[in-house]
Amino acid sequence: MDISNTAHSEGSSAFAKSGEQESKAAAELELRNVSKRYPGQREPAIAELSFTVPAGEVCVLVGPSGSGKTTAMRLINRMISISGGDILLGGHSVLHRDARELRREIGYVIQQIGLFPHQTVGENIATVPQLLGWPKPRIAARVDELLGLIGLDAEEMRDRYPAQLSGGQRQRVGVARALAADPPLMLMDEPFGAIDPINRTRLQDEFLALQQKVRKTVVFVTHDIDEAIKMGDRIAILREGGHLAQYDTPREILIHPADEFVAQFVGADRGIKRLSLTTLGELKLAEPNGLQPGSLRAPPQTSVRDALSMILTANGEPLAVVDGEERVQGLLTLSLIEQLLADEASANGANGNGSPSRLLVDGDGEAAG
Amino acid sequence: MALAGTPVLAAAGPVIPNFGAHSSKCVVENRFFCGDWVSRNWDSVLWPALRQHLVLTLIAVGIGFVISMALALTAHRFGWLERPTILVTTILYTIPSLALFELLVAPVGANIYAAEIALVSYTLLILFRNILTGLREVPSEVLDAAEGMGMSRRQALLRVELPLALPAIVAGLRIAVVTIIALATIVYTIYDKGLGVPIHTALGEGPFKTELIAAGGLTILLALAADGLLVLVQRALTPWTRARGS
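Chains as they are written, first to last, in our numbering: chain Y, 127 to 495; chain R, 795 to 1040.
Hints are not guaranteed to be accurate.
Among the chain R residues that face chain Y by a calculated CB cut under 8 Å, a handful are [as the list claims (entries may be wrong)]:
#1 Gln846
#2 Met943
#3 Val954
#4 Trp1034
I should point out that these hints are in silico values taken from the structure, not numbers from a laboratory. C-beta atoms are modelled at their ideal positions from N, C-alpha and C, and glycine is treated no differently.
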């Protein structure tokens, strides 16, 4: 571990000290009245966009096509030049930086991945460290470390070409390449958009697990509200013309959509979607005594949404929450779910980070340090 | 074809040129192909001609490649340059070669410069088109990734675009080299070098076929060898193109 206390540790979030990763601190990202106007177009592509992503959080930009979400993302690493406003990374404006230098500090993942077909997996991952002029042994060690981090065997995969990988492996290598120089910010433009649904779910889960370890500030673009709810600590919903419709936690957006547009965009099933934010382990479950557990059982990490679906499939039979050793922790009943929904709806959304229900064991939304 | 024949032939002298003092039985009986004639004239006739032919080709393709690369890189950056360049190089490409050689004699003289200018002009269309196509076929997402990771234009060109354009570039070089090896056989009309010289001499030799077969055969072998060499170079430089599946 590096003990030397340099400027890097300054302003770091609580996340930076967690874990054995030698990660640089993630940086806070702030957009201030950002606008983008293309010459010859009356309407701006982005209008007065302002929001702040706390260090180490995933912010999902979501919206219908034409809402400017990709444009907004590409303004951040100056792939598109800004027309007005300011963007601050770690408190410093990105506008006065050398664009290439800035981009080397920001991880970049796109939907089509864009791995270099003529370079091996190892060479691809080494791209930014090479541009930064790292010594060779350091690059080689970093490549192997990252391959391990994304769950690929370094010996086996290092010298393969992208054409020899599966779609999922390519996507993972793309993420590893973006993480190579340990950037404080990652930009991800529909990174799982081209992957089939089964593998997409797996890659999403893997990325969330990875994010638990590396704790980067992430700007994640998608058009899929379900993906936004799953991946985001915060969601920025954009509407046509790059207007910010709502910026909040997934829970708040689902419980208190700001307007008709947001309500429509998150879907009529937002009540059910909301249940996917809570897992059984987070609930105060009914005592199993008195009620006989039936055949219906699920582990604590199951979402309430999936549990409800199981209960409904079993015609309302209560569901037993069991731990790893098949011991019953408690029971989930339909009335308990009803109570949870009523509780959340009545809670005032003004108190920031979601609105912890009385039914929850712990305040959720808090990142365990 | 009035050109072919007159001046060089007049100087040829004996009925069977390169005949020397020791005519073998084979030559005397004028068989189809006389190996001993070839070995006796290898050092004095065939090898120098082959070497000159190779030099003519290398210079032409080398200069043509440099010019085409410069034009293609410029047109890759400034798209509007593509059409005028294609137009000019196509016109050059369609000028009949014999006419072009003769046309150049007046301003340049009957020397290696005229020969090379003509040969180079035939490489431009092929090489320019292939290099530019190769550069343009680099997938846009690959370039987007290169830019997004902080490569400069120059770095993207050297590290990404040119390596990925290599198969198209080498394909162009193969066509250019084979074309120029064939075309260089008529350089003799203005400049007395290359395998065209013994071929032309042989054409004037009437029934004796050995020299024609030997010089013509060497031209074909040279073309095949050069082409094969370029295939090997490409295989060595682009290992990723064979890495599929598995």
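Cross-check of the supplied hints:
no. : hint    : in the structure
1   : Gln846  : violated, 38 Å
2   : Met943  : holds, 5 Å
3   : Val954  : holds, 6 Å
4   : Trp1034 : holds, 5 Å
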